[in-house]
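> Spelled out from the first residue to the last, the chains are:
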Amino acid sequence: MSKLLAIIFSTILFLFPATGCSNLTKENVIPLTTNDQNPVVAKMDVTSPVYTFSYDRRMDPAEDVKMYAPFLKYLEETTGYKFKLQPMPPNQNLIEELGTGRVDLAAIGTLSYLQAHQKYGVRAIARGVTDQGKAEYQALIITSPNSKLRSLSDLRGKTFSFGSDTSTQGYLLPLIMLTQAGVKLTDLAGYTFAGSHFDTANAVISGRYAAGGIQDTLGRELAKKGLVRILAESEEFPSSTISVSPSLPSEVVKKIREALLAFAPEGKDKAMLYHWEQTEMPRGFVATDDKDFDEARSWAVRLGILNGGAE
Amino acid sequence: MKLGNKISIVIVAIIAALGILTVLLISHVIGNALRESVQDKEISLAKVVAGNLANPALTGNYLTVQRDLEGLKDDRQLVYAFLILPDGSILHTFKGNISAELVGLNRLTPNQSYALKSFSSSDGKVEDVGVFLLEGLDSELHIGYKEDYIQTTLNHVFETIGILTLVGVILGSLAAGALGKYLSSPIEKLTTLTRKIAQGQLSHRVSITTKDEVGELSLSFNQMLTALEDSLTKIRVAEEEQRIKNRELSVLNGVAETVRLGQEINLMLYDALVQIIESLGLSGGWVYLRAHEKTGIKITSLGIAEPEIPCSQCEFCQCDLAKIKQGQCLSRNSLEKDGHTYQITGIPIYVSDRILGAIYLLSNQELMSTDLSTLQTIGGQLGTMIENVNLWRELKAREAKVSQLLEKVIAAQEEERKRIARELHDETSQSLAALAMRLKVSKGWIQKDARKAEALLEESKNEAVRIMRELHNIVFHLRPTLLDDLGLIPALKWLAESRDWKRPLEVEVQGNWSKEKIDPQVETTLYRIGQEAITNAAKYSQATYLFIEFKVAEDKALLKIQDNGKGFIWDEDLFESEQGKKPLGLIGMMERASLIGGRVQIYSDDQHGTTVEAIIPLKKEANCYGKN
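The listed protein sequences correspond, in order, to chains A and B.
So for the first sequence, our numbering puts the first residue at 701; every next one is plus one.
So for the second sequence, our numbering puts the first residue at -14; every next one is plus one.
Just chain B, same shape as in the assembly (with noise of 0.2 Å):
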């Protein structure tokens, strides 16, 4: 129920309320009045008839009191009247006889001044007022008058009060209406508000500006709704940038999941292109990766069967780290398909300042900047991901290759071993054998003939420097003491010329070998490298011509070997190739420089020679090592 109509109905019912009460307390007040006025109107009627009939009683002219009685019945209200005489007897009004139950009705006392009795009659409601005819006399005048004047006049009075109850009710009913409606307008006005604002309509205000405590309210109420509306775009704003950070996270999130070592990287790049298009509820989109310098490749698509949009290969190429931070390095096209537009935002797949490819995405929209700033971000990821994983691949290669190369290194070992042995057990034992048993011959002709004997010792003299220059060759080839002693290039001249190559070998050297010493772990390496270089052109390459030249700078020492052989095609795919037989020898160049942190490069093209170039860093550093 309205407010206006609870003010009207109280008001109403209070109006009525408050009518009754009147009524009935005019009613109770007026009417006690009239009869009390009446009660003494009659009394002191008695009192005079009383008062005149006296005289009359008291002399015995009882014909008087008799007139006197029933001319009192002239009077309307008059029902009867009686006296009782002294001595008992009673003159009264009555055509007939009067009853005793009348006389005995409403006796006086000799207290009594007067008595009233009220009682129904065979004539109606009548009072029955006594009084003595005089006091002190025993002799009571008694009149009855007709009651029913008195609830006639008090219900003309309840009449007229119940009329101007009525009269106030409608009036105040009318009143109370007004009042309701100017009571409940302004309220009205702010449930109205109040539903908008339940519905989220913050911007309304109200326009109530009386100075009274709604006005105060609707004031309050204004400045509410201020204060409401700034915390809810607050709330909204933190509650969008929480939502674009739940999404960022969660594209983050999502990417960062589908990283995983060992996995295929076209593989985790469709999860990761999956996970961005799920996420940012986008259309479609597809990667390109770089194989090679200039080469690009798609990796993946979703939602786009074919991409009619060409991969710009140079699109990123001027891109810097700086670039992509600030937003620069990206590619916005659109796309007409099926009737629709999309729009097509490439996003860098970087890693440091190099470019790795590119993610491209469509969507209905231009995709905001957080999205944008979230894409940059991941395209880092991603290319951090490539890069670790082409690390990982890379170093897994490495441990094969120096797996390898300790296969190589332990089975050089068992074969320089054999070598030995054999040369020791196949020429020098049988040498020193020979040379024993040619001593012990000489030592069974020196009594029988000394010349002879001579000769035979002068046969084993020679016998036993033979000897002497197998086992300092076979110590040679261990470890060249010329390395020791003249240095590396004299170590690795000699090497390329003494040993008993099929062809001769024409060598040059060139370089500043004598004026510095170097660490001789880095001159041992730039010497087994030098020495595999050298066997593999006197062995391999049918080469006539070796041009050997070492430099040493302030910080790294360099060592290059050039033949004139018949060279081999330089593939990659050399040192991939599970099955065939692998270059160890070339591997354990490339390993012996990168333990010290050098490296070796070969050039090598069909019959045009191989250069092998190891560059040794002559100052280590702490983690040198660990760059590469």
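Okay, chain A solo, but in the shape it has when bound (with noise of 0.2 Å):
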């Protein structure tokens, strides 16, 4: 009988260590404030040479990152460089940032590459391939469904969104179509830049502005969704670049290009993405040169928006 009694007891014995060990350890208090005034930085990982990749704004902010950040995997993953995101805060300019190295590269726009080359130097290594799968795209000028506006020249007398300043399908494209058109901004009852495509088709949408030029990709899905109305197409230009700053050393930019061209956004890298057929991209890239954009650029001169001569 003793026998089982001690089994027993000595069972419960050995069970209860099992509970609260761990409370007795005693661990290190970590202070959570300090009364040290000055402001304490975080820091970040410097180990590594990482290239700094940045964004014309298109879309919301959060979706950009979401959008790039994968893009930037598949970039680390087949050149073997470490890429970091880093979205542009509004009191910066992505150009200059470009142009100044802090970037080292970036996916703009024709407009922002335009003025980039002409004053830094900037040179665009690839341009996105569409959904049409042209290396070119459109913007439209889109209205809300329930508008009376049927063509451009109703826009007299309007408002008027368009996204960045910088922006190609978003300022560049649609001041064409309305130059085409024979509308001139001064003819517009007003005109806003929103700041992105997601701004000015929330804009539309909004019934804010009448009318607004966005990207043709966006454009057309909300159409499809019955949220807007194409309004006008543009003609195409050369789609959205990935421009390097003059910065960098040949050699990552030509793994960068391979990259790049080796991109299938629809094949084998489609896994891995987030909604890149948001992007000016959808299908990857074709290879590019700066005569590609003389057009443009011969446009955004005689819309004032470029320096005729200097480059």
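It should be emphasised that the hints constitute simulated quantities derived from the structure, not laboratory data.
It is possible that part of the hints are untrue.
The calculated DSBU-like cross-link candidates involving lysine-lysine, where the alpha carbons are at most 35 Å apart (straight line), are [to be verified]:
{"#": "1", "chain 1": "A", "residue 1": "Lys784", "chain 2": "B", "residue 2": "Lys58"}
{"#": "2", "chain 1": "B", "residue 1": "Lys541", "chain 2": "B", "residue 2": "Lys393"}
{"#": "3", "chain 1": "B", "residue 1": "Lys32", "chain 2": "A", "residue 2": "Lys784"}
{"#": "4", "chain 1": "B", "residue 1": "Lys393", "chain 2": "B", "residue 2": "Lys551"}
{"#": "5", "chain 1": "B", "residue 1": "Lys26", "chain 2": "A", "residue 2": "Lys743"}
{"#": "6", "chain 1": "B", "residue 1": "Lys551", "chain 2": "B", "residue 2": "Lys487"}
{"#": "7", "chain 1": "B", "residue 1": "Lys32", "chain 2": "A", "residue 2": "Lys925"}
{"#": "8", "chain 1": "B", "residue 1": "Lys425", "chain 2": "B", "residue 2": "Lys446"}
{"#": "9", "chain 1": "B", "residue 1": "Lys102", "chain 2": "A", "residue 2": "Lys784"}
{"#": "10", "chain 1": "A", "residue 1": "Lys773", "chain 2": "A", "residue 2": "Lys968"}
{"#": "11", "chain 1": "A", "residue 1": "Lys743", "chain 2": "B", "residue 2": "Lys58"}
{"#": "12", "chain 1": "B", "residue 1": "Lys32", "chain 2": "A", "residue 2": "Lys968"}
{"#": "13", "chain 1": "A", "residue 1": "Lys924", "chain 2": "B", "residue 2": "Lys32"}
{"#": "14", "chain 1": "B", "residue 1": "Lys393", "chain 2": "B", "residue 2": "Lys478"}
{"#": "15", "chain 1": "B", "residue 1": "Lys393", "chain 2": "B", "residue 2": "Lys536"}
{"#": "16", "chain 1": "B", "residue 1": "Lys393", "chain 2": "B", "residue 2": "Lys487"}
{"#": "17", "chain 1": "A", "residue 1": "Lys954", "chain 2": "A", "residue 2": "Lys991"}
{"#": "18", "chain 1": "A", "residue 1": "Lys773", "chain 2": "B", "residue 2": "Lys102"}
{"#": "19", "chain 1": "B", "residue 1": "Lys166", "chain 2": "B", "residue 2": "Lys196"}
{"#": "20", "chain 1": "A", "residue 1": "Lys784", "chain 2": "B", "residue 2": "Lys26"}
{"#": "21", "chain 1": "A", "residue 1": "Lys773", "chain 2": "B", "residue 2": "Lys32"}
Facing chain A, according to a computed beta carbon distance under 8 Å, are these residues of chain B, among others [stated by the list, open to error]:
{"#": "22", "residue": "Gly36"}
{"#": "23", "residue": "Asn82"}
{"#": "24", "residue": "Ser105"}
Predicted model only: the values in this text are computed from it and were never measured.
Note that CB positions come from ideal geometry on N, CA and C, so glycine has one too.
Could you fit the two chains together into a complex? Lean on the hints.
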């Protein structure tokens, strides 16, 4: 009997230490705050060379990040380099950042490229291929579905929303379309730079602006859903570019270009991407050089967006 | 400890152990689940917050971000929140400056979608949840949650399960007690029974009729008890039989050891009585022996001063061997002595059909039949012993008689030789010498005087005739030729008439002697017996008349010699006396007869003459001598 009791009690005693041993371990107490008045700056990983990637704001800032983050992962896996996503804060100019080398490469539209190329010698290494399989894109002028607007000339006396003043599809191409339709900015009741294609779409859908110039991809998607009506389509211009800072070493540029040309967003790389179809390069990239942008450059100069002579 | 208590303790211990185990396991599982759930919730919340903060943060709307972060603090479980912007600058909810330790505590690596870290802070235990503001963006949102409430919830769960376990233990104890009682009660019954069995009470039985293992055990137990009881009974019976046999053997052995030839019968009987009384555990007893046909003598007694119960002299007279063996020759009486009643049992001492005496034994209760049987055997044993002693004595006496007879024979032979020598010397030799002298004188006178010589020769012839008669007499006395020539009766008659007795005897004979010739040995023996009887009658009894009878039947010869002398008083002591003159002549007659299987009977009385009767069997049997 005593053996039996001993077994039972030893079993119970054996079981007890399983509880709360961790409670007994004394841990270091971490102070939450400090009396030091110097602002604390978090240490960032700078151990390996990282190439900074940025972009023209196209849509919702968060959506932009979500789209480009997996793309950078692709580049990292393909080139072996490290890339860092750096959304452009409003107080900073991407063209300047790219030109001065604080940003190494960027997805920028034709207009931004023209400006950066002209000012800093930024090079475009690839152009996006659109849903139509072309390396050109269009801009759309959209209006609300129940708008009475039927042509661009109806825009006179109406309000208009551009995207960003550096945007090709949100500013340059819609401005070209308005000019071609004979509608001057002064003919409008008013216009604004909403900031992004998303903002433009929101401004039009909400009725705050009668019409807006928008990226063709997004515009068609919204039109399919019945949220907007396409009022006019632009001619085709070279689509958005991947441009690199002049300071980026040529071998790196070469590797990145190869990776871009091998990029298959509708094929092998589709699974890792996030709504890549909403970008201006939904089907990948083709190689490009500065000559592809001559017409756009001439229009920009003609419209006074770009300086005439200097390059 | 009782079985029921053991079962209760074991069951309670098992319930308690299982309860504790359950508490621990459930705590572990629920704790983990709760923690995981809370962590999932915290991570989800952090991700939602990060999603909400992404746009204002990315668009540089830091005030909005700051307000949104501080708005989170409405949640009571939240300790802090801070956002690390891509450039390393930090937005946080603390009133003071955030510590560098906290910032560096739970940094994310690019491949992580979130990071969790528990730590002790100045505000208690905190779990830091870190998520990227947006995946792929080098900006982290960290939210610190109080962990205490998880522990509080777990404690509540512990308490509930603990109470349930306690209730389970109590209910289990009651159930275990009842179960223990239910299971152990039949075993207790069996235990009680086993104790009784250990005390030798084999008649009890278990009354459990359940059809389970205990019922089967009880059935087997009962069967075992029955078998045990039977075996024990047999053993006891065997032991009792053995004990009785041992006692019987002990008594018989004890009695047998008392038998020693040459010892006094009284002493032997006393020893035997002691043995019997001691071995059978009796109170006392005594022994009576018949000295003669009707006289009883008390031989010895033990445990009782004087036997108040008189010996019934003829109590066993009608007993024969068959009755003795059937146990019919027992006497039973009772004796009141000193306020105590004794049973007195008389057992005959016998040999063959003869009752030699009896043993009387005092006991507190009637003797067992087995003891009586043993005592009867002892009675026979003692009888045989007494008979043997008597026979031994007789043998001794006879040996003495034979020795005396032998002496007498030798003496008689010597006497006879002396007589013959004397007679030859004194008479025959003298006569022959005188005859020789006479013949010599005659020879001398032949020349001188022929007549005288003739007269002398005539005298010498007469002298020679006389000498011849003398020699004849001598020879006749050595063995009468008449016996051989004419037979026993003429020889005896001649002996009685021819001897020169002081008084001449008138002899009368009767019998059929002439018809048959009997064995010479028998004839010689009868002649010598007759010779002794005639001599005694003529020499010592002053008889004047002698009657001799001789009969020869088919199987025996009888010689009877009767005189009218003065006779003598017959007494057995005549033969027993150690001193004085023994009647060797009578003994010699008897011994002679017994040597050839016959016997001699002597009848005599004072002044009434003596009759000697010798009976000799004629057909000799191989063992006829050994019988006597």
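> Hint by hint, note whether the structure agrees.
Consistency of the hints with the structure:
no., hint, verdict
1, A:Lys784 x B:Lys58, "holds, 32 Å"
2, B:Lys541 x B:Lys393, "holds, 28 Å"
3, B:Lys32 x A:Lys784, "holds, 21 Å"
4, B:Lys393 x B:Lys551, "holds, 25 Å"
5, B:Lys26 x A:Lys743, "holds, 28 Å"
6, B:Lys551 x B:Lys487, "holds, 15 Å"
7, B:Lys32 x A:Lys925, "holds, 29 Å"
8, B:Lys425 x B:Lys446, "holds, 13 Å"
9, B:Lys102 x A:Lys784, "holds, 26 Å"
10, A:Lys773 x A:Lys968, "holds, 14 Å"
11, A:Lys743 x B:Lys58, "holds, 26 Å"
12, B:Lys32 x A:Lys968, "holds, 29 Å"
13, A:Lys924 x B:Lys32, "holds, 31 Å"
14, B:Lys393 x B:Lys478, "holds, 25 Å"
15, B:Lys393 x B:Lys536, "holds, 29 Å"
16, B:Lys393 x B:Lys487, "holds, 24 Å"
17, A:Lys954 x A:Lys991, "holds, 19 Å"
18, A:Lys773 x B:Lys102, "holds, 27 Å"
19, B:Lys166 x B:Lys196, "holds, 18 Å"
20, A:Lys784 x B:Lys26, "holds, 29 Å"
21, A:Lys773 x B:Lys32, "holds, 21 Å"
22, Gly36, "holds, 7 Å"
23, Asn82, "holds, 5 Å"
24, Ser105, "holds, 5 Å"
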